[in-house]
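Chains as they are written, first to last, in my numbering: chain A, 369 to 808; chain B, -1 to 201.
Check before you lean on any hint, since a few could be wrong.
[Claimed, not checked] Derived CB-CB ranges, DEER-like: (1) A:H410 with B:N42: 46 to 54 Å; (2) A:A572 with B:N90: 39 to 47 Å; (3) B:T44 with A:G523: 57 to 65 Å; (4) B:V111 with A:E466: 28 to 36 Å; (5) A:A572 with B:A112: 52 to 60 Å; (6) A:A522 with B:S38: 18 to 26 Å; (7) B:Q150 with A:A572: 39 to 47 Å; (8) B:S38 with A:A703: 48 to 56 Å; (9) A:E781 with B:D119: 24 to 32 Å; (10) B:L48 with A:A572: 47 to 55 Å.
For the record, the hints were derived by calculation from the structure and aren't laboratory data. Keep in mind the model is a prediction, meaning the values are calculated, not measured. Cβ atoms here follow ideal geometry from the backbone N, Cα and C, with glycine treated the same way.
Below are the chains, spelled out letter by letter.
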Amino acid sequence: MQPRCARAGTALAALALLLAGCATHGERFAEIDHALGAHGPHTALERADSRFRGGDPVLDLLEEGMLLHLAGDPAQSNERLEEAARRMDELDPFSFSEGVAAVTISEGLRGFVGEPYQRTAVHLVRAFNYIALDQWDEARVEALRIDLRLQALAGSTRFYRDDGFARYVSGLIFEQLGEHDDARIAYRRALDAYRDQEMITGLAPPRALQNALLRQTAHPDFAHEHERLRADFGVAGEIPRAASGQGRVVLILGNGRAPRLHEAAVNAQNPHTGRLYRVAVPRHGRSRQPLNGAELHVGERSAPVDVAHDIDALSRRSLEERMPGIMARAAVRVAAKNEMVREAGDRDPFLGLFANIFTFASERADDRTWASLPGEYLVADFAVPAGEHPVRVELRGRAGQRWQEELGTVTVEPGRIRVLFAHSISTSVPFHRVVAGEPS
Amino acid sequence: MKSAWNPARIGTLAIVALIVLAACGTKVTRMDEDETRDLSGRWNATDSRLVSQEIINDAMAHPWASRHMSDNGSRPVVIVGTVRNRSHEHINVATFVRDIERALINDPDVEVVAAGEERDDLREERADQDLHAAEETRKAMGRELGADYMLQGTLNSIVDQEGRRQVVFYQVDMNLTSLADNRRVWAGQKQIKKYVQRPNARF
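Assemble the whole structure, with the sequences as input and the hints as a guide.
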């Protein structure tokens, strides 16, 4: 009996080791995610220092890049995100070894290259960082990279084939640099993208985009387009033209965090052979947006803040699209693992037991996702006279509660766009301006 | 029965492992600065060098400096302005701007004055000398050499892509403008075209 006890002990120890080694990204990230939701980005970064070792290198860079962005360190954030983008490009070509590993061992053994909307978001957040650093030429580079990425998706049968919000932000960048033709084109593409995806995302073109388009077409050369847009947007009466002494304030407001992915697993045991079976697939966690709406006040003027980018919906739809492939690979994996366990068991029952433990423990869902992205981006954009203005935002919570947050005083220069970034991470973390260098 | 793990086998495995590990280590080889090796298809040191050389050759081949000398009786003074990166890549344009500046400085027919942050540093130093330096060694404010011409430029790119293939076209435009009357006295252009094919699969 003693050798049998020793074998059982060895098998249990091996199982414990395998289970520890097979921790998913979601399990590793849980502590950082909790710290972000409970205490904010600085505490999350402190936790990340110790937790980001040994995880998925691309995802760790993405999460760290976003945490640094939220913590007000745009330069460091951009370094991490650039490195993440470079690694994702390297991993982009199909890998034979990872493909085989995904259908025989675990889905999570494939290199993480991110969903298309997440890859656009890398450049979007980088553009925000450059805007925060007042490096508009560098932000323009990110706008062009967004365009290249979205061009590659054109004609795709997947639902995400353009990005209205990324196009809108690109338009802002061109407009700030005085490149009005490029700005107009970017805004038009943003409108096309919103209309194309309205049925899926439920997002109408935000009023900030409508105003930007009307402003950019308020010229006799575009009179026909201008009138058509006015009719489409239901705008009656005179549109206040941007006067020479006016500038603009744009608020980009992050709402909460993107949904996490969790594991949904089915475990079973064959009563005749005692063999263990397991199928694990990812499922979405709950939505994590604390805000239900907002209104921006600059001096005496106010404008509604509209949802412009629904990352929560994109994430859910993206997983839905991927699920048939995930299920198919899971089915192949069950068959392959079963055959492996049977062959091992035929040679040596102990080897069979070990193989069964290995195949059972290694079956983990691929719950990798960029979870520190906001669940939504909201945007407001309107013209104000040049000068100093106090800025505050009125917020509405999911439970219907209303409160106000001061965003300090901003200086608006004539003909220039002043972009403010703010974020409401959760109900526990105070609402805050997210980037450094802004007067408060 | 003979053990499968005899010392000879273990030794062979250890040697193979060592060879594999050695092959996986970081390897650095010095390259000649003129050697071209494109890795990513992005703008690189070779592009920067080729552009600066072409621009310098073009700028020096034109008679704007000799014309200035014959009209004014003095060597033209040039200040290097900004070169805007309008391409789809984050490019450090400072390298070829420095190359161009160096070539102008080394040309006996042209004077070059400091610009940007370097000029600010110099002014700060003069202000500091005003307070702290001995009078006989102090350098006075307001005695800078005013530039006659400003060198400016842009770097643009056009990308045509299909699947994993890209044709990238870079165009660098530099020009020299008279500060007195905004006359363009020289304009140079250099174009670089690259075909980039990325792999469809990896091991």
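Taking the hints in turn, this is what the structure says about them:
1. A:H410 with B:N42: 46 to 54 Å: 38 Å, violated
2. A:A572 with B:N90: 39 to 47 Å: 42 Å, holds
3. B:T44 with A:G523: 57 to 65 Å: 34 Å Cβ-Cβ, so the 57 to 65 Å window is violated.
4. B:V111 with A:E466: 28 to 36 Å: 57 Å, violated
5. A:A572 with B:A112: 52 to 60 Å: 54 Å, holds
6. A:A522 with B:S38: 18 to 26 Å: 23 Å, holds
7. B:Q150 with A:A572: 39 to 47 Å: Hint holds: Cβ distance 44 Å, inside 39 to 47 Å.
8. B:S38 with A:A703: 48 to 56 Å: Violated: the Cβ-Cβ distance is about 40 Å, outside 48 to 56 Å.
9. A:E781 with B:D119: 24 to 32 Å: 27 Å, holds
10. B:L48 with A:A572: 47 to 55 Å: Distance hint for B:L48, A:A572 holds at roughly 50 Å.
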